[in-house]
Amino acid sequence: MRSRLLTLKIRRFNPERHPSEWLQAFHLEPWEKMNLLEALLHIQEEQDGSLAFRYSCRGAVCGSCAMRVDGRLVLACRTHVEDLLGKPVLIEPLPYFPILRDLVVDMSLFFAHYREIQPYLHGKSISSEREYLMDVSSRRAIDPYVNCILCGICFGNCPAFRLDRQFLGPAILAKAYRFLIDPRDGREKEILENVNGQKGVWGCKTVFNCVKVCPKEVPPTHAIVQLRNEILRRRLGSLFSRLKSLFSL
Amino acid sequence: MDILSYDALVVGGGLAGLRAAIEIKKAGRKVAILSKVHPLRSHSTAAQGGINAALANIPVPVKDSWERHAFDTIKGSDYLADQDVVEVMCQEAVDRVIEMEHWGTLFSRTKEGKIAQRPFGGAGFPRTCYAADRTGHNLLHTLYEQVTGLEIPVHEEWYALTLVVSEGRCFGLLALHFFEGKIIPIHAREVLLATGGYGRIYLRSTNAVINTGSGSFLAYEAGVPLEDMEFVQFHPTSLYGTNILITEAARGEGGYLLNARGERLMERYAPKHMELAPRDIVARAIQTEINEGRGFEGEYVHLDFRHLGRGKILDLLPGIRQIAIDFAGVDPILEPVPIQPAQHYSMGGIETNVDGETALPGLFAAGECACVSVHGANRLGGNSLLETLVFGMRAGRKAVLSMDSAKSLPDPGLFEKEWSRLQARLEGIFRRGKQEPCFRLRDEMKSLMSSHVGIFRNESDLSFARQEIRKLKGRLRSVGVNQQNLAFNYQLIQYLELEGMLHLAETIVEGALARRESRGSHYRVDYPNRDDNHWLHHTLAFKTPDGPRLEQKEVTITGYPPKERTY
Numbered sequence: 001m002r003s004r005l006l007t008l009k010i011r012r013f014n015p016e017r018h019p020s021e022w023l024q025a026f027h028l029e030p031w032e033k034m035n036l037l038e039a040l041l042h043i044q045e046e047q048d049g050s051l052a053f054r055y056s057c058r059g060a061v062c063g064s065c066a067m068r069v070d071g072r073l074v075l076a077c078r079t080h081v082e083d084l085l086g087k088p089v090l091i092e093p094l095p096y097f098p099i100l101r102d103l104v105v106d107m108s109l110f111f112a113h114y115r116e117i118q119p120y121l122h123g124k125s126i127s128s129e130r131e132y133l134m135d136v137s138s139r140r141a142i143d144p145y146v147n148c149i150l151c152g153i154c155f156g157n158c159p160a161f162r163l164d165r166q167f168l169g170p171a172i173l174a175k176a177y178r179f180l181i182d183p184r185d186g187r188e189k190e191i192l193e194n195v196n197g198q199k200g201v202w203g204c205k206t207v208f209n210c211v212k213v214c215p216k217e218v219p220p221t222h223a224i225v226q227l228r229n230e231i232l233r234r235r236l237g238s239l240f241s242r243l244k245s246l247f248s249l
Numbered sequence: 001m002d003i004l005s006y007d008a009l010v011v012g013g014g015l016a017g018l019r020a021a022i023e024i025k026k027a028g029r030k031v032a033i034l035s036k037v038h039p040l041r042s043h044s045t046a047a048q049g050g051i052n053a054a055l056a057n058i059p060v061p062v063k064d065s066w067e068r069h070a071f072d073t074i075k076g077s078d079y080l081a082d083q084d085v086v087e088v089m090c091q092e093a094v095d096r097v098i099e100m101e102h103w104g105t106l107f108s109r110t111k112e113g114k115i116a117q118r119p120f121g122g123a124g125f126p127r128t129c130y131a132a133d134r135t136g137h138n139l140l141h142t143l144y145e146q147v148t149g150l151e152i153p154v155h156e157e158w159y160a161l162t163l164v165v166s167e168g169r170c171f172g173l174l175a176l177h178f179f180e181g182k183i184i185p186i187h188a189r190e191v192l193l194a195t196g197g198y199g200r201i202y203l204r205s206t207n208a209v210i211n212t213g214s215g216s217f218l219a220y221e222a223g224v225p226l227e228d229m230e231f232v233q234f235h236p237t238s239l240y241g242t243n244i245l246i247t248e249a250a251r252g253e254g255g256y257l258l259n260a261r262g263e264r265l266m267e268r269y270a271p272k273h274m275e276l277a278p279r280d281i282v283a284r285a286i287q288t289e290i291n292e293g294r295g296f297e298g299e300y301v302h303l304d305f306r307h308l309g310r311g312k313i314l315d316l317l318p319g320i321r322q323i324a325i326d327f328a329g330v331d332p333i334l335e336p337v338p339i340q341p342a343q344h345y346s347m348g349g350i351e352t353n354v355d356g357e358t359a360l361p362g363l364f365a366a367g368e369c370a371c372v373s374v375h376g377a378n379r380l381g382g383n384s385l386l387e388t389l390v391f392g393m394r395a396g397r398k399a400v401l402s403m404d405s406a407k408s409l410p411d412p413g414l415f416e417k418e419w420s421r422l423q424a425r426l427e428g429i430f431r432r433g434k435q436e437p438c439f440r441l442r443d444e445m446k447s448l449m450s451s452h453v454g455i456f457r458n459e460s461d462l463s464f465a466r467q468e469i470r471k472l473k474g475r476l477r478s479v480g481v482n483q484q485n486l487a488f489n490y491q492l493i494q495y496l497e498l499e500g501m502l503h504l505a506e507t508i509v510e511g512a513l514a515r516r517e518s519r520g521s522h523y524r525v526d527y528p529n530r531d532d533n534h535w536l537h538h539t540l541a542f543k544t545p546d547g548p549r550l551e552q553k554e555v556t557i558t559g560y561p562p563k564e565r566t567y
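Which chain is which? The protein sequence lines are V and D, in order. Under the numbering used here, the first residue of the first sequence carries the number 1, and numbering increases by one thereafter. Under the numbering used here, the first residue of the second sequence carries the number 1, and numbering increases by one thereafter.
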């Protein structure tokens, strides 16, 4: 029979201590159906009150508890410890962001990138008394991207972001695409110019890591490919019109 | 001492707080948001089923109207809601929903391309506008996007520790910068609390772990009364095991509640509305089935919506399907979902008027932490998201109108005095050493509230709960905190939040003991009937050194005289 003991080896960090980084093992006997967030809360209560991590909804909708478990990026609340029993499990913070304390990372760069694409609807004008009409299929096309909870997991698994922290990143490019295809948004050129470049869609390695790892089944790579196509289509369009004006001379 | 200064400070980054901040910013005022979590992590994001507004987008024989919405809300409240404020909410509902759509919320659509609406409990019309079953998530992200566009500063992961009050006016607060461990004084001409509910007082709750009611306690401590705290909503359908919410929309779209004999159990309790009776009635029905041995394993019943079919479930209820798979290992396309009632929402809260003003000048409140009161003794599904937007906006607007005539700081040393007082209090806690761990008291409180102050209440259980809460308050005085440094001091926060929760629990117990009738969510088995002659009034709880002092407040009746409530 497999051991009922859960062993978490947690990568700790506290800049006020020497050394500031260390690995610490915690053991506990999990109750039935315990998830990793509950295990961490249990450790914080019963074993080490200084263990730092983020949490809120415990239902995989708020995006607080992204972390790395034996190299895999997960939301702790949605990770069952049943699958982690038997041998020590390495728990680490979301990579590529500065660590503030233990499993808490500084997400300000993530939200700086978010702000860069002006992630709010630039609505076409409409009477304030009624809604925009939108067909069911347009809504369905946007919906997968709107489901993003901005947990940052896709950044932690992105080779482009690993190489260049200026890369806007999967979740943010998916958000840009969401506004591009929203029939209510008046922008097109602005969105495409914002993401056109190495730190935008051309930095992506199209290895689909973000799609595979997303806990909410958002497909950022698909959005990035579509954004590239739109940029190329526009370029081709302007080339055509330039040629046309040449010939008409 | 460096003091931050704003025209208005909004505490809480959920829907009500963000909506209020947007209103203040758009009036050209200097506003900031303070939140103990990043705004996108707020509990608003967990709301699923929708938001009510009489758009009348779904063709039915009779056209829906705000008056019908108001009637349903008032009847749903068991006639305890103040009818004038319900009318305001229902009149402004359409504008607030359209505004969210214009700001980018991706509502589901009708065939004609309009905002889709679904039936919800206690409503005579398909009135609940929705974005699949992720309506809260969609609304919260939309408002945060607006906050980003307006460049409203957010103090993220700061805790509000105490309000700064002098000469009968609120002048700001002291906050803890959790990561840096600094206490930061913030002066604001108006402070607006939008800190959400206290669900974590209960063992079984749909609420996020962060929902400790800390803002309600701040107001209570400052002498502001809490209203109607005995009215606690138990949601009929939380996922068995984790108590994560399974939306009422599952029933709105046609789901059945089945007991262990395979019967549609609501036939016994609400033969007309069946699964779409209001939440108080459905929650009691399910609990009765379980108590009388017609549940599964003595713990739960089934919510079955397999007959909707795969396509409809994936289109309309994808979020709860994912939750049921992730957290119960059940795919609702193939199997019924095990559910049980759990604490869900607080009808009570900080007493406010229709513009979010509290009894303390300079202090506003909106959203779940407030009690306007639009929900009375029982809230209808789809009305809480609406409340956040309508009253968040109104509170923000009124704060702007009030701030120019606001008294200026009477004494420049006020913040320093408050700071030393807080410092002394914290040192007192730190000096104790660790005697009893905080979480043990918390767990005892939660079990007590679920077992003795739950769906069915009686005098002896409530009296027992009163004694136990008093004992817990006594024991709290010997709970210490190991870590002395303020940075990342989870123990200290847990201690302070537990203190607040015990006080809130006490107001619930006292209100429930006093109210010798059954109305809405408050069901006394020893007084099973509504008693309008004696109890058609609100309860106000004021903090005193000996516990809450209760007063009564009249209910505002406009055009809907109390009637028997049948479904």
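Read the hints as simulated data drawn from the structure, not as lab findings. Certain hints may be false.
Computed cross-link-like contacts, DSS-like style, restricted to lysine-lysine with a CA-CA straight-line distance of at most 30 Å [to be verified]:
#1 D/Lys-446 to V/Lys-33
#2 V/Lys-205 to V/Lys-189
#3 V/Lys-124 to D/Lys-272
#4 D/Lys-26 to V/Lys-189
#5 D/Lys-553 to D/Lys-473
#6 V/Lys-124 to D/Lys-182
#7 D/Lys-182 to D/Lys-543
#8 D/Lys-111 to V/Lys-216
#9 D/Lys-543 to V/Lys-189
#10 D/Lys-63 to V/Lys-216
#11 V/Lys-124 to V/Lys-199
#12 V/Lys-199 to V/Lys-87
#13 V/Lys-216 to D/Lys-114
#14 D/Lys-63 to D/Lys-407
#15 V/Lys-212 to D/Lys-312
#16 D/Lys-30 to D/Lys-312
#17 V/Lys-124 to D/Lys-114
#18 V/Lys-205 to V/Lys-216
#19 D/Lys-26 to V/Lys-124
#20 V/Lys-244 to V/Lys-216
#21 D/Lys-446 to D/Lys-473
#22 V/Lys-189 to V/Lys-33
#23 D/Lys-272 to D/Lys-312
#24 D/Lys-182 to D/Lys-114
#25 V/Lys-9 to V/Lys-212
#26 V/Lys-87 to V/Lys-33
#27 V/Lys-9 to V/Lys-216
Examples of chain D residues lying across from chain V (beta carbon under 7 Å, computed) [said to hold, decoys possible]:
#28 Gln-91
#29 Glu-101
#30 Ile-210
For each residue, glycine too, the CB sits at the ideal point set by N, CA and C.
Against the structure, the hints come out as follows:
no.	hint	verdict
1	D/Lys-446 to V/Lys-33	holds (20 Å)
2	V/Lys-205 to V/Lys-189	holds (24 Å)
3	V/Lys-124 to D/Lys-272	violated (45 Å)
4	D/Lys-26 to V/Lys-189	holds (27 Å)
5	D/Lys-553 to D/Lys-473	holds (28 Å)
6	V/Lys-124 to D/Lys-182	violated (45 Å)
7	D/Lys-182 to D/Lys-543	holds (29 Å)
8	D/Lys-111 to V/Lys-216	holds (27 Å)
9	D/Lys-543 to V/Lys-189	violated (59 Å)
10	D/Lys-63 to V/Lys-216	violated (38 Å)
11	V/Lys-124 to V/Lys-199	holds (28 Å)
12	V/Lys-199 to V/Lys-87	violated (40 Å)
13	V/Lys-216 to D/Lys-114	holds (26 Å)
14	D/Lys-63 to D/Lys-407	violated (48 Å)
15	V/Lys-212 to D/Lys-312	holds (25 Å)
16	D/Lys-30 to D/Lys-312	violated (46 Å)
17	V/Lys-124 to D/Lys-114	holds (16 Å)
18	V/Lys-205 to V/Lys-216	holds (21 Å)
19	D/Lys-26 to V/Lys-124	holds (20 Å)
20	V/Lys-244 to V/Lys-216	violated (46 Å)
21	D/Lys-446 to D/Lys-473	holds (14 Å)
22	V/Lys-189 to V/Lys-33	violated (50 Å)
23	D/Lys-272 to D/Lys-312	holds (25 Å)
24	D/Lys-182 to D/Lys-114	violated (49 Å)
25	V/Lys-9 to V/Lys-212	holds (25 Å)
26	V/Lys-87 to V/Lys-33	holds (18 Å)
27	V/Lys-9 to V/Lys-216	holds (27 Å)
28	Gln-91	violated (14 Å)
29	Glu-101	holds (4 Å)
30	Ile-210	holds (5 Å)
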